[in-house]
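Protein chains in written order, with our numbering: chain A, 397 to 689; chain B, 397 to 689.
Just so you know, the hints here were simulated from the structure itself, not pulled from any lab data. Treat the hints with caution; some may be incorrect.
All copies of an identical chain are treated as equivalent in the list; a pair is satisfied when it fits inside any one copy or across any two copies.
[What the hints assert, rightly or not] Derived lysine to any residue pairs resembling SDA-like cross-links, with alpha carbons at most 25 Å apart: (1) K646 / A562; (2) K558 / Q446; (3) K663 / A649; (4) K609 / V576; (5) K515 / S458; (6) K423 / N656.
Just so it is clear, the structure is predicted and the values come from calculations on it, not from any experiment.
Number of protein chains: 2
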Amino acid sequence: MTQITLNKLVIIGVGLIGGSFALALRKAGVVKHVTGVGRSRENMQRALEQGVIDEIAENMASALHDADCVLLAMPVGQTEAIMAQIAPHVQTGTIITDAGSTKQDVVTAARNHLGDNLKNFVPGHPIAGAEHSGVLAAQPDLYTGKHVILTPLEETYIDAVKKTTALWQACGAKISQMQVAEHDEILAATSHLPHVLAFALMNHLHRSTDNPKNLLRFAGSGFRDFTRIASSSPEMWRDICLANREALLKQIAAYQDELNTLHVILKNGDGEALEKLFSQARGMREDWLKNIG
Amino acid sequence: MTQITLNKLVIIGVGLIGGSFALALRKAGVVKHVTGVGRSRENMQRALEQGVIDEIAENMASALHDADCVLLAMPVGQTEAIMAQIAPHVQTGTIITDAGSTKQDVVTAARNHLGDNLKNFVPGHPIAGAEHSGVLAAQPDLYTGKHVILTPLEETYIDAVKKTTALWQACGAKISQMQVAEHDEILAATSHLPHVLAFALMNHLHRSTDNPKNLLRFAGSGFRDFTRIASSSPEMWRDICLANREALLKQIAAYQDELNTLHVILKNGDGEALEKLFSQARGMREDWLKNIG
Chain A
397 MTQITLNKLV IIGVGLIGGS FALALRKAGV VKHVTGVGRS RENMQRALEQ
447 GVIDEIAENM ASALHDADCV LLAMPVGQTE AIMAQIAPHV QTGTIITDAG
497 STKQDVVTAA RNHLGDNLKN FVPGHPIAGA EHSGVLAAQP DLYTGKHVIL
547 TPLEETYIDA VKKTTALWQA CGAKISQMQV AEHDEILAAT SHLPHVLAFA
597 LMNHLHRSTD NPKNLLRFAG SGFRDFTRIA SSSPEMWRDI CLANREALLK
647 QIAAYQDELN TLHVILKNGD GEALEKLFSQ ARGMREDWLK NIG
Chain B
397 MTQITLNKLV IIGVGLIGGS FALALRKAGV VKHVTGVGRS RENMQRALEQ
447 GVIDEIAENM ASALHDADCV LLAMPVGQTE AIMAQIAPHV QTGTIITDAG
497 STKQDVVTAA RNHLGDNLKN FVPGHPIAGA EHSGVLAAQP DLYTGKHVIL
547 TPLEETYIDA VKKTTALWQA CGAKISQMQV AEHDEILAAT SHLPHVLAFA
597 LMNHLHRSTD NPKNLLRFAG SGFRDFTRIA SSSPEMWRDI CLANREALLK
647 QIAAYQDELN TLHVILKNGD GEALEKLFSQ ARGMREDWLK NIG
C-alpha cells in the first residue's frame, strides 16, 4: 500500500461524502490541512465548527493554491461548472478526483476543461450509502469496508491513480478499477434502475388513490425495504438520471420487456413459469449474498 | 377486549405463521391444547419437539373433533383442497379462520365447501414478515404490534368475528376489518406488486449478463433493500400471484403506464418533471413513515 501524506486537501462540496473523506483522512493521520469550497456560507461555517475543514476558501484561486489533492464532491449536476472554475487555477501535480455516481459526464467535463491537467484527473466513485446528507452526517468511518471504483483514463498518470488509491485505502475502502462505460452500465443496472423503479412505484400508488393514508396503512416491512430508496434526494437523483441517461434508458427498456413477460405469464395463469422465474430470481440473489460474504 | 380461552386449537400447516400463532396463544395463557395437522411427518415431529403443538393429528376427523378453533395456515395454493377436507368434519360452533395473503380465493373455497359452517368462518390475514419460514422460525412475539386484517362476510356471525379478534389481540396484534375485494386490491398494490417488481429486476439482471458475479459485485445497500423481497419463497409467491391474479394484473398494467411515463420524461431530458415526480414519491413515503409512527 502506497503511503501518502497531504499537506493540503481541498474539498469542493463539503457534505456527507466530501466531509467524510476529510474526516477519514484526518483520522488516518494522512492530511495536515483541509480547505473547503462551497456555495452555502452556513454549511461551510458548520463544516468549520465540526472540525471537518480548517478553512473556508475565499475563492477558487486561493483554494487550489498549493493543493496536493482536490476532491470534487458537490452534486453531479454542478460538474461542468466546477470543472470550468477549477481549470484556470489547478496547479501541475495536484491530484484531481471526484465522487460522482456517474462517470461519463464527469469525464466529458474534465476533457472539456482540464487541458494538460487531465493527466492528474482520476475519476472515482465511492459506493457509500447516503440515506442522510449534509456535513452534519459526515463520519470518519463512512468508507470503511466500502467499495470505491476508479475509472482512470488512457491519459491518467499511473502515479495519480496510485495516490488516489492510497487515499481511499486510508479511508478503509476497497478499490477497484474499470472502464468508464462499464461503470455507468453497471451502476445503471444495480443502482439507478432500482431507484427509478422505486420512485415509479410511489408515483403509481399516489396516482391510484384518493386516500394514500388508507392505502398504505397496512404496508409492511417488504414495502418499507423495497421503497427505502424512494426516500432519496429528488435533486440528486434527477441529476444522476440525466447524467446517465443513455445507459439508464436502455436498462428501463430491458426491464419493461421483463415485466411484460411476467405480465403475460401471469395473465395465462402459468404457475410453473412463474415459479421458475421466481426461483431464478431468488437463486441469483442468494448467490450474490454468498459472494459478498 | 373479549376474553377467550380455547380448550382445543387446531393448526393446519404448522410453519412460521401457524406455529407462531400457537406459541403466542400459549404464552398468553389462552389455549390449553394444540393439535397440529400437516403433510410432512418430519415437520410435525419438529413442531411437537419444539412444544408448538401437543399432538399430531391422525386424520382430519380426529383433528377437528371438539375443536374450538381451527387456523388454516398452510400455503394458499392448498386452500381449496383443505376446505374440502375439513368440511365433512367441522363441528357446529368451531371457529374457522385462516392466515392467507389473499382473501377472495379463500372465501370462494369456503363458500364452495363449508355449507352451513360458513357462518363461523372468519377470513383473516396477519401482516407479518416471513423472511424465514418453517416451524423452527416460529416465535411467540411474531405478531406483537403487527396488523391483522379480518374480512368477515355478510354471513359471518358477529360472535365468530369477536372471538377471532380476541385471539389475534391475545397475540399482540392490531385488528382491522375490511371488505374482501378491498383487501385484495390493497395488498396487490402494496405487497404483491412490489414482490413482482423485485423478482422482475433480478430476472432482468440475470438475462442481461454472462457474468452476474461481476455485475452485482458493487451492488450496495440500496440494491440489497430493494431486492430483499426477491429472496422470498418462489412457491408461496407463485400461489399468491395466481390467487390474486386479477387485482395484480391491474396493478402491473397501471405500473407499466407509470414507468413508461418516466421513460418518456427521461428520454426528453426533462429534469424539472423528473424532480417533481421524485419529490412526490419521496413526499408520499415520508408521510407514510410519519403516519405509522
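Unsatisfied constraints (hint numbers, rising): Checked against the structure, the hints that fail are numbers 1, 2 and 6, while the rest are satisfied.
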